[in-house]
Amino acid sequence: MINLSIRTMAEMLKNQEISVQELCAVYSDRTKAFNHSTHAMITINPELNAAEILQAQSLIGQDEQLLAGIPLVHKDLFCTQGVKTTCGSKMLADFIPPYNATVVQKLSDKGMVSIGKANMDEFAMGSSNEHSAFGAVSNPWDLSRVPGGSSGGSAAAVAARMVPVATGTDTGGSIRQPAAFCGITGIKPSYGRVSRYGMVAFASSLDQGGVMAPSADDCGLVLSAMTGHDPLDSTSAQQPRLNWEKPSSPEHKGLKVGVVNAWIDELQDEGIKQKTLDAIAHLKANGAEVVDIKLPHAELAISAYYILAPAECSSNLSRFDGVRFGHQTKAVDDLESLYRQSRSEGFGEEVQKRIIIGAWALSSGYYDAYYLKAQKVRRLISEDFKQAFAEVDVIACPVSPEVAFKQGEKSDGVSMYQADKFTIPASLAGLPCLSMPIGFTQGLPVGLQLIGNYFDEQSILQLADQYQQQTNYHLQLPEAFA
Amino acid sequence: MSINRKELEEIAALAQLNIPEKQVSHITESLNQVMDMIELINDANTSEVKPMSHPNDAWQLVRQDEVTDTSHKTELLALAAHADEDHYLVPKVIE
Numbered sequence: 032m033i034n035l036s037i038r039t040m041a042e043m044l045k046n047q048e049i050s051v052q053e054l055c056a057v058y059s060d061r062t063k064a065f066n067h068s069t070h071a072m073i074t075i076n077p078e079l080n081a082a083e084i085l086q087a088q089s090l091i092g093q094d095e096q097l098l099a100g101i102p103l104v105h106k107d108l109f110c111t112q113g114v115k116t117t118c119g120s121k122m123l124a125d126f127i128p129p130y131n132a133t134v135v136q137k138l139s140d141k142g143m144v145s146i147g148k149a150n151m152d153e154f155a156m157g158s159s160n161e162h163s164a165f166g167a168v169s170n171p172w173d174l175s176r177v178p179g180g181s182s183g184g185s186a187a188a189v190a191a192r193m194v195p196v197a198t199g200t201d202t203g204g205s206i207r208q209p210a211a212f213c214g215i216t217g218i219k220p221s222y223g224r225v226s227r228y229g230m231v232a233f234a235s236s237l238d239q240g241g242v243m244a245p246s247a248d249d250c251g252l253v254l255s256a257m258t259g260h261d262p263l264d265s266t267s268a269q270q271p272r273l274n275w276e277k278p279s280s281p282e283h284k285g286l287k288v289g290v291v292n293a294w295i296d297e298l299q300d301e302g303i304k305q306k307t308l309d310a311i312a313h314l315k316a317n318g319a320e321v322v323d324i325k326l327p328h329a330e331l332a333i334s335a336y337y338i339l340a341p342a343e344c345s346s347n348l349s350r351f352d353g354v355r356f357g358h359q360t361k362a363v364d365d366l367e368s369l370y371r372q373s374r375s376e377g378f379g380e381e382v383q384k385r386i387i388i389g390a391w392a393l394s395s396g397y398y399d400a401y402y403l404k405a406q407k408v409r410r411l412i413s414e415d416f417k418q419a420f421a422e423v424d425v426i427a428c429p430v431s432p433e434v435a436f437k438q439g440e441k442s443d444g445v446s447m448y449q450a451d452k453f454t455i456p457a458s459l460a461g462l463p464c465l466s467m468p469i470g471f472t473q474g475l476p477v478g479l480q481l482i483g484n485y486f487d488e489q490s491i492l493q494l495a496d497q498y499q500q501q502t503n504y505h506l507q508l509p510e511a512f513a
Numbered sequence: 006m007s008i009n010r011k012e013l014e015e016i017a018a019l020a021q022l023n024i025p026e027k028q029v030s031h032i033t034e035s036l037n038q039v040m041d042m043i044e045l046i047n048d049a050n051t052s053e054v055k056p057m058s059h060p061n062d063a064w065q066l067v068r069q070d071e072v073t074d075t076s077h078k079t080e081l082l083a084l085a086a087h088a089d090e091d092h093y094l095v096p097k098v099i100e
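Chains as they are written, first to last, in the numbering used here: chain A, 32 to 513; chain B, 6 to 100.
To be clear, the hints were calculated from the coordinates, so they are not data collected in a lab. It is possible that part of the hints are untrue.
Simulated pairs of lysine-lysine, DSS-like, Cα-Cα distance not exceeding 30 Å [as the list claims (entries may be wrong)]: (1) A:Lys-304 / A:Lys-325; (2) B:Lys-27 / A:Lys-121; (3) B:Lys-78 / A:Lys-384.
Given only the sequences and the hints, what does the whole structure look like? Please build it.
Spelled out as structure tokens, the structure:
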């Protein structure tokens with residue numbers, strides 16, 4: 032029951048082998064039971080919402096996208112009307128939004144049933160989920176290790192099958208890296224594909240909502256329902272809705288896959304390197320034409336990203352003033368102190384650090400030398416990808432140079448930042464990309480990243496689905512949660 | 006490029022943050038590690054390159070200038086720590 036695809040669950044619901052209430056109760060019970068060990072959730076709805084269940088049940092059989100009655104959790108930065116939305120921060124510990132994010136509304140309209148809100152790094156800033164004001168998340172494959180971040184709660188919840196699917200967001204790798212660390216599939220679509228309305232902002236030119244689930248097919252089904260132009264988000268793309276079509280054959284005939292061999296060569300972890308090479312050999316054996324590609328400016332991506340993302344963060348987070356919403360300090364008698372004290376108490380150290388870096392990069396004297404320079408480097412990186420996609424259909428490369436690391440192992444921020452080197456380039460370019468499980472090393476999952484051309488989510492999902500038709504890494508469950 | 010205590014205090018003031026005295030040296034050190042990392046950006050030759058502020062070559066969309074009659078004043082004011090029926094309440098700013 033707990034390791035079924037969305038298509039199978041939809042079939043069972045349609046055939047009345049199970050009701051929406053029963054299906055959602057299975058997962059709600061697992062979420063409650065396993066949250067003690069994983070801390071994957073910040074909020075678990077105490078009871079299933081009867082009206083939601085009734086609405087979902089009425090949609091069974093009518094819903095072409097097969098999502099009616101499927102339970103899910105939302106990353107706790109998607110605004111949910113009447114349900115606390117903390118963003119992993121003390122700043123928003125008691126924030127109850129008066130409206131739904133577009134993503135939440137679209138999935139609710141399809142009859143998906145939310146059973147709670149997933150833990151995350153505070154304001155989506157972090158790669159380990161250790162920076163949550165509500166406690167660190169544990170990786171279901173080894174509870175002493177991190178699940179990755181910032182969508183670590185979503186990844187851990189899916190890996191432990193506390194839910195069959197979760198929403199996430201990705202600014203520099205926050206869906207792909209936790210998906211890789213937790214042995215699930217996670218897709219970040221093209222920038223603009225999914226509305227950011229009601230998604231608490233970190234870096235507005237990079238943030239993008241996406242999906243985390245066991246398989247590419249599950250991700251494709253849910254992502255399709257999340258897409259489409261949204262007049263409430265001026266950066267939402269004027270593109271028709273994604274219409275994921277599952278391929279019927281596992282053959283990749285005629286598909287050109289570009290491989291960034293330089294990135295594979297620099298992998299220090301022999302286990303990850305071998306699994307990556309094996310996965311690429313598998314694609315080749317199934318008919319893909321594999322060619323070496325180069326992304327010469329990608330080595331500058333981390334430097335550019337850690338100027339641009341903090342700059343946008345410092346600007347976005349200036350809205351938290353302690354006055355209109357969010358944490359307000361007590362016992363101050365002037366407005367300036369109210370602002371400063373509320374922000375200093377409400378934001379954690381990592382968030383404050385990034386605000387300061389951003390304020391510095393945008394300040395007089397450094398703006399041209401750093402912020403503008405980083406924007407120019409961003410274009411060079413984007414041009415590298417454009418050249419690559421003139422030759423290939425999909426790019427395959429590692430997600431992370433390491434498997435899930437021990438909690439507390441990375442005490443200095445910079446080594447954690449540098450581990451995002453393979454995910455950040457595609458984020459800066461705004462391209463669709465996913466991570467899929469390709470095996471295990473030292474008992475821990477390894478992911479492969481697939482990057483597609485602008486608005487071509489279909490190709491990367493298709494390649495991942497074809498790989499998953501012939502492998503079962505995405506269906507493996509951690510022993511303690513089987 | 007590195008940042009010293011005085012600069013940290015100036016930037017923190019710009020960002021409306023108080024850095025507690027006992028954290029100043031730790032945060033300065035941590036920021037300087039990041040500064041070293043981002044310094045690499047100066048290796049790039051960008052003399053002929055146009056800045057890229059956004060991944061999509063899109064322009065700002067405009068909507069029809071139609072009156073919308075929804076007021077959310079009550080729900081929004083309810084989110085504030087201190088408010089009356091029409092205002093956010095803050096410490097006195099004018100004597």
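Task: Earlier hints that do not hold, by number - done: Hint 3 is the one this structure does not satisfy, whereas the remaining hints hold.
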